[in-house]
Structure formats: C-alpha cells, structure tokens
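All the letters of the sequence shown, read from the start, carry residue numbers 579 to 661 under the numbering used here.
Derived from the structure by calculation, the hints contain no laboratory data. One should not assume that every hint holds.
[Claimed, not checked] Label-pair ranges, simulated between beta-carbon atoms:
#1 Glu607 / Asp641: 38 to 46 Å
#2 Glu586 / Arg633: 24 to 32 Å
#3 Pro636 / Met656: 18 to 26 Å
#4 Leu592 / Asp637: 39 to 47 Å
#5 Glu606 / Arg639: 38 to 46 Å
#6 Asp614 / Ser653: 19 to 27 Å
Here a beta-carbon is modelled for each residue, glycine too, at the ideal position from N, C-alpha and C.
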Amino acid sequence: MAMICFSEANLLLLPKVSGDGHHLKEYEESRRTSIDKFLKAAGYLDCAIRHVLPRLPPDLRNDLPVDLAEGVLRSLHMQALGQ
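Turn these sequences into a full structure, and let the hints guide you.
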C-alpha cells in the first residue's frame with residue numbers, strides 16, 4: 579500500500595502541460611495532495627515497522643524478501659516523511 583501511495587504522490591508531482599492560467603493553482607493543489615499521499619505511505623510503513631514486524635516469528639522475518647527487511651522499511655518511512 580505504501581508503494582502505491584508513493585506512485586500516486588509522484589504522479590501528482592509531474593508537471594502538467596496546460597495552456598490556461600490555472601496551471602499554478604492546479605499545481606499547488608496537486609502538491610498538497612501529494613503531501614497527503616506521502617504521509618499516508620509513512621503511516622503504512624510505520625504500522626508495518628511497529629506492529630507487524632515485531633509479531634512475526636524470527637525465522638519468518640529472516641525469510642522475508644530483501645524489500646521487506648526492517649532497514650529498508652525504515653528507509654522508505656524516512657523518505658516518505660522527508661518528501
């Protein structure tokens with residue numbers, strides 16, 4: 579879910595070609611929405627780090643894909659908050 583939020587937020591930040599003067603207003607609205615998406619992603623990642631990973635047995639945690647390692651999730655969490 580967090581990665582979907584990242585994708586949606588990044589899509590909102592892409593420049594849109596527009597011939598009228600509403601470009602700045604639309605960009606500001608997209609920027610605000612993208613911030614909400616990044617915060618939502620951070621919330622999902624925080625939940626995974628604090629509530630889901632600690633409940634997994636150690637052998638199962640070791641078998642998780644590299645993308646789901648705690649360090650990677652923490653890095654993504656910090657990235658979401660930083661953006």
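Structure-based check of each hint:
no., hint, verdict
1, Glu607 / Asp641: 38 to 46 Å, "43 Å, holds"
2, Glu586 / Arg633: 24 to 32 Å, "28 Å, holds"
3, Pro636 / Met656: 18 to 26 Å, "24 Å, holds"
4, Leu592 / Asp637: 39 to 47 Å, "42 Å, holds"
5, Glu606 / Arg639: 38 to 46 Å, "42 Å, holds"
6, Asp614 / Ser653: 19 to 27 Å, "21 Å, holds"
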